[in-house]
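> Heads up: the protein sequence lines correspond to chains A and B, in order. The first sequence begins at 1 in the working numbering and counts up by one. The second sequence begins at 1 in the working numbering and counts up by one.
By construction, these hints were calculated from the structure, which means they are not laboratory data. Because the structure is a prediction, the values reported are computed rather than measured. Careful, some of the hints might be misleading.
[Said to hold, decoys possible] Straight line, CA to CA, 27 Å or less: simulated DSSO-like cross-link-like pairs of lysine-lysine:
{"#": "1", "chain 1": "B", "residue 1": "142", "chain 2": "A", "residue 2": "6"}
{"#": "2", "chain 1": "B", "residue 1": "137", "chain 2": "B", "residue 2": "354"}
{"#": "3", "chain 1": "B", "residue 1": "342", "chain 2": "B", "residue 2": "354"}
{"#": "4", "chain 1": "B", "residue 1": "354", "chain 2": "A", "residue 2": "6"}
{"#": "5", "chain 1": "B", "residue 1": "137", "chain 2": "B", "residue 2": "342"}
{"#": "6", "chain 1": "B", "residue 1": "137", "chain 2": "A", "residue 2": "6"}
{"#": "7", "chain 1": "B", "residue 1": "137", "chain 2": "B", "residue 2": "148"}
{"#": "8", "chain 1": "B", "residue 1": "148", "chain 2": "B", "residue 2": "342"}
{"#": "9", "chain 1": "B", "residue 1": "148", "chain 2": "B", "residue 2": "354"}
{"#": "10", "chain 1": "A", "residue 1": "6", "chain 2": "B", "residue 2": "342"}
{"#": "11", "chain 1": "B", "residue 1": "342", "chain 2": "B", "residue 2": "142"}
{"#": "12", "chain 1": "B", "residue 1": "342", "chain 2": "B", "residue 2": "172"}
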Amino acid sequence: MNTILKVIAGNMWRLWFATLVTAMGIAWVVFELFMKGANAFE
Amino acid sequence: MMDFAIAGVQVPAFLLIFTGITVGIVGGFIGVGGGYMVTPALVVFGFPGYMASGTDLTHIAGKGVISTIRHRSLGNIDWTLGLSMVAGTELGVEIGTRILTWTKELGLSTVAVLTASLIVMVSLFIYTQIETSRSHKQLMAKLASGEKIGREFQTSRIPHFLQRIPFRPIVKCQTARVAISMWVIVLVGLFTGALAGFLGVGGGFIRVPALVYLVGASSHIAVGTDLLEIVFSGSYGALRHAMQGNVDFSAVMLMLTGALFGAQFGSIITAYVRGPAIRYILGYSLMLASLGAALPLINTLTGGSIPILAVLAIVLTLGQMIFLCGFILEIFYLALRANRGKWVPEWVVPLVVKAEEKTEHIDIEKELAEVRG
Numbered sequence: 001m002n003t004i005l006k007v008i009a010g011n012m013w014r015l016w017f018a019t020l021v022t023a024m025g026i027a028w029v030v031f032e033l034f035m036k037g038a039n040a041f042e
Numbered sequence: 001m002m003d004f005a006i007a008g009v010q011v012p013a014f015l016l017i018f019t020g021i022t023v024g025i026v027g028g029f030i031g032v033g034g035g036y037m038v039t040p041a042l043v044v045f046g047f048p049g050y051m052a053s054g055t056d057l058t059h060i061a062g063k064g065v066i067s068t069i070r071h072r073s074l075g076n077i078d079w080t081l082g083l084s085m086v087a088g089t090e091l092g093v094e095i096g097t098r099i100l101t102w103t104k105e106l107g108l109s110t111v112a113v114l115t116a117s118l119i120v121m122v123s124l125f126i127y128t129q130i131e132t133s134r135s136h137k138q139l140m141a142k143l144a145s146g147e148k149i150g151r152e153f154q155t156s157r158i159p160h161f162l163q164r165i166p167f168r169p170i171v172k173c174q175t176a177r178v179a180i181s182m183w184v185i186v187l188v189g190l191f192t193g194a195l196a197g198f199l200g201v202g203g204g205f206i207r208v209p210a211l212v213y214l215v216g217a218s219s220h221i222a223v224g225t226d227l228l229e230i231v232f233s234g235s236y237g238a239l240r241h242a243m244q245g246n247v248d249f250s251a252v253m254l255m256l257t258g259a260l261f262g263a264q265f266g267s268i269i270t271a272y273v274r275g276p277a278i279r280y281i282l283g284y285s286l287m288l289a290s291l292g293a294a295l296p297l298i299n300t301l302t303g304g305s306i307p308i309l310a311v312l313a314i315v316l317t318l319g320q321m322i323f324l325c326g327f328i329l330e331i332f333y334l335a336l337r338a339n340r341g342k343w344v345p346e347w348v349v350p351l352v353v354k355a356e357e358k359t360e361h362i363d364i365e366k367e368l369a370e371v372r373g
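Isolated chain A (complex conformation) (with noise of 0.2 Å):
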């Protein structure tokens, strides 16, 4: 557990990128499942 915590956590900038990635993988998921043909900007 240490060691993931030390690869991911051990710089907060590590930890604030690895989480900006997922959240917007998992953003762009649900929008291929549940999204399509949405417009953000009407």
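With chain A fixed as given, assemble chain B onto it according to the hints.
Coordinates of chain B only, in the frame set by chain A:
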């Protein structure tokens, strides 16, 4: 898929509950209503624009009550400061709305609003980020030298200057431990309210930094007090929208079901962190909201000729909620580890409050109660 007859759309119910939970956690933690996240999300889900604003604002009013009750029990609300600010804020919102109508008459509305919100958010993000980084580094140095630090630490000098302005009446905000001219509080409320009214947002992300960097309240008090204001402004907005039939109550109820859990959880997490952690998350939320404002601005300026922008806007709208919520939960997990005496990265130590420091905080509350009583 659930049918929302008033809005005339079909949306999976879990998406609305999920939105309620994530925005609830973020809102309860950094003291914002989250309108800049939820309104675009509802538009993405297919709600018409006017319906998205009304439904969002009604959900914010309900969520504001939940978070305020929780923050009250945590001792994070300064009633004197909050209620003094409400007057200025309401007047400011009216001024801001009139300026917006004026820009609409000039034919500048969309570009003017998007550019203004972009400038405000980017400036706030840069200032918050630089200040919080500086506080974080100084906290690390102080803790390394064995110094005892309270829950709040900030390096801005502006509050010292504003607290010295001698115009009567001077208000003593006991919970926030600030004595400041009422005029400063009202003017800060007026200015932040005008910006919020002009940008068409609740204004939490402007008021929280203003309460910290102008009035000099601690981040925790700023969050609680701002949520108190959101109860007033959100309720009024919800009432106005409901009277015009812009609210889909079944969607509101689903989002509030999520918020019932999220808003309380987000508020409770503030008890486990120091001020800079709250300000870091506030900064990130400002950064993502700036990006969210930049995409439609580019889309308007290019006349919608870049189709990928619409996809990016949707991913960003959903992604920012997940990111902010995820980062808050990660800090909470690390705070729990630190409390149990387990290993945590060095950068986490100044951002979280350990169990013994929390006991010290309770003593301060007792002391304040004695002063009051």
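> Against this structure, judge whether each hint is valid.
Outcome of the hint check:
About 23 Å separates the Cα atoms of residue 142 of chain B and residue 6 of chain A, which keeps this hinted pair within 27 Å; it holds. At roughly 18 Å between alpha-carbon atoms, residue 137 of chain B and residue 354 of chain B fall within 27 Å of each other, so this suggested pair holds. Distance restraint check for residue 342 of chain B and residue 354 of chain B: the Cα-Cα separation of roughly 12 Å lies within the 27 Å cut-off, and the hinted pair is therefore satisfied. Straight-line distance between C-alpha atoms of residue 354 of chain B and residue 6 of chain A comes to about 20 Å, which keeps the hinted pair within the 27 Å bound.
In summary, the hint linking residue 137 of chain B to residue 342 of chain B is supported, as the alpha carbons are separated by about 22 Å, within the 27 Å threshold. Between residue 137 of chain B and residue 6 of chain A, the direct Cα distance comes to roughly 20 Å. Compliance with the 27 Å bound is thereby established for this hinted pair. Among the hinted pairs, residue 137 of chain B with residue 148 of chain B is consistent with the structure: their alpha-carbon atoms are about 15 Å apart, no more than 27 Å. In summary, the hint linking residue 148 of chain B to residue 342 of chain B is supported, as the alpha carbons are separated by about 20 Å, within the 27 Å threshold.
Note on residue 148 of chain B and residue 354 of chain B: the hinted pairing holds, with a Cα-Cα distance of about 12 Å set against a maximum of 27 Å. For the given pair, residue 6 of chain A sits about 13 Å from residue 342 of chain B by alpha-carbon distance, which is consistent with the 27 Å threshold. A distance of roughly 21 Å separates the Cα atoms of residue 342 of chain B and residue 142 of chain B; the hinted pair therefore holds under the 27 Å criterion. Restraint check for residue 342 of chain B and residue 172 of chain B: not satisfied, since their Cα atoms lie roughly 41 Å apart, outside the 27 Å limit.
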